[in-house]
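Asker: Given next are the chains, with one letter for each unit.
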Amino acid sequence: MIRVAVLDGPLPVFEERPAPGGCGSEIVFHGRVRDTEKQRPIAALFYEHYEGMAQRELQRLAEQTAERFALLDLICLHRVGDVPVGESSVRVVLRSKHRAEGIEALAWFVRELKRRVPIWKWGVTPTGERFPSTHCEGCAAAESEHHSHPPG
Amino acid sequence: MIRVAVLDGPLPVFEERPAPGGCGSEIVFHGRVRDTEKQRPIAALFYEHYEGMAQRELQRLAEQTAERFALLDLICLHRVGDVPVGESSVRVVLRSKHRAEGIEALAWFVRELKRRVPIWKWGVTPTGERFPSTHCEGCAAAESEHHSHPPG
Amino acid sequence: MEPTTIRVRVRCFSHLRYELGTDAFDLELPAGSTLGQASERILERAAGKLEGLPFRMALNGEFSEASATLSAGDEVALIPPVQGG
Amino acid sequence: MEPTTIRVRVRCFSHLRYELGTDAFDLELPAGSTLGQASERILERAAGKLEGLPFRMALNGEFSEASATLSAGDEVALIPPVQGG
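If you read the protein sequences in the order shown, they are chains Y, E, S and L. Letter by letter, the first sequence follows residues 1 to 152 of the working numbering. Letter by letter, the second sequence follows residues 1001 to 1152 of the working numbering. Letter by letter, the third sequence follows residues 2001 to 2085 of the working numbering. Letter by letter, the fourth sequence follows residues 3001 to 3085 of the working numbering.
These aren't lab readings, by the way, just hints derived from the structure by calculation. From a predicted model like this one, the values you see are computed outputs, not experimental measurements. Hints are supplied without guarantee of correctness; some may be wrong.
[Stated by the list, open to error] Output of the computed footprint for chain E on chain Y, the stretches with three or more beta carbons under 8 Å from beta carbons of chain E:
| id | stretch |
| --- | --- |
| 1 | 23-30 |
| 2 | 80-89 |
| 3 | 103-110 |
| 4 | 119-132 |
[What the hints assert, rightly or not] The calculated SDA-like cross-link candidates involving lysine to any residue, where the alpha carbons are at most 20 Å apart (straight line), are:
| id | chain 1 | residue 1 | chain 2 | residue 2 |
| --- | --- | --- | --- | --- |
| 5 | E | K1097 | Y | S133 |
| 6 | E | K1038 | E | K1097 |
| 7 | E | K1097 | Y | A43 |
[Claimed, not checked] Listing some non-contacts, in silico: residues in chain Y with all C-beta distances to chain E over 12 Å:
| id | residue |
| --- | --- |
| 8 | A5 |
| 9 | F46 |
| 10 | E63 |
| 11 | R68 |
Built from N, CA and C at the ideal position, the CB exists for glycine as well.
Here chain Y stands alone, though its shape is the one from the complex:
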């Protein structure tokens, strides 16, 4: 099963349940909001997205990942809007026969997500002011494609 969603608001609680009989590995990844962004203390991150395109790119990436790593299930929920410090901005569930392909699939999926799914983040200060993030993991992942960065 492949399922992706872009949600404005808290992620539903992840419910554990017995897995399909061929599943030997289940990995649940949570990307969480840390308490600083660009060395400034923050209350939240605000996630901006390109509605429609973000969902489609995420769905396409999930399908590619499941095929490439022979996954049984891949579920990805990504929050948009304000995500308070300590909460999850993204959850990925990967079920596979063995753990090796699940671990590789997680690393690849998240790296690609950070390269091609049109979602961007802003720091939100304790007083509610937004400031742009210059963090760009995509650069490290795709060195062939040069990115200059705007000043903070």
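Given chain Y, put chains E, S and L in place with the hints provided.
Answerer: Just chains E, S and L now, with coordinates in the frame of chain Y:
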């Protein structure tokens, strides 16, 4: 926080909760019992362990892993006794600043667990008969240390 | 008679939205213009504000080549490096 | 006067337990024996049943070298390749 336990009976439900402020990545791994062992259909795996030593080796491994990969938290629960198909025999929770070290730590921790924590498994047929498993991931992980395998 | 100009919608995100001070605007182009030509017009219009800001282009919500030909009513987007996860 | 023999407890797991048909047994050894010597005695006693079965040795619940000297009451374990996870 480092916590390990060897439990006879179902693992307690994993409760999601907000993470410490420096935590950007939380990974929950479940090793699950598949429906076949050595190509035979099974109802469960029976996990045998060396009581005392299994806990100590697991604790030592958790401490080494947390230090080596700068983890904030590592929690590992391993079941012993009968574990029905579809249920988790082991759960590992890893919290870290970034996902990269969390993913590497998971791969390393489980590989080492399968090399040095004295826990062994037996297939349990639908009629309740136990048969020995010859599966030995430790061999693949440590080719320098030759293992011959007993006939099935 | 074919129209001599087309109008497309331009969507702006993240740093580009911030620099341009708008979510979206309409852009009038000669009929037969390409995505690359739209991009040049957008940079001209920005008058230096997008200097040094990297971006990819999307056409109707799909990453596209600069050579893609635009039609009236198309949605063009400037996609700066993404930051999800 | 020092005792001339010591008694240790031998624990058996997994394939070795299966082949030997027991969880544990007592082994009498000359005082001053090493873990490696205990291992040889166990293999003799198994009369071929452990042929080709790999194992490591543990002394009092810790992986140990064959050169470790045993004391009365020690717990010696045969640890075949582990299979947890």
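Asker: Would you mind marking each hint as holding or not holding in the structure?
Answerer: Against the structure, the hints come out as follows:
1. 23-30: With 8 residues in contact (Cβ-Cβ under 8 Å with chain E), the coverage given for the stretch 23-30 of chain Y holds.
2. 80-89: Result for this restraint: holds, n = 4.
3. 103-110: holds (count 4)
4. 119-132: violated (count 0)
5. E:K1097 x Y:S133: Answer holds: K1097 (chain E) to S133 (chain Y) is near 18 Å, not above 20 Å.
6. E:K1038 x E:K1097: violated, 39 Å
7. E:K1097 x Y:A43: holds, 17 Å
8. A5: holds, 17 Å
9. F46: Nearest chain E Cβ is 16 Å from F46 (chain Y), so the label holds.
10. E63: Fine: 22 Å to the nearest Cβ keeps E63 (chain Y) off the interface.
11. R68: About 17 Å separates R68 (chain Y) from the closest Cβ of chain E, which puts it past 12 Å; holds.
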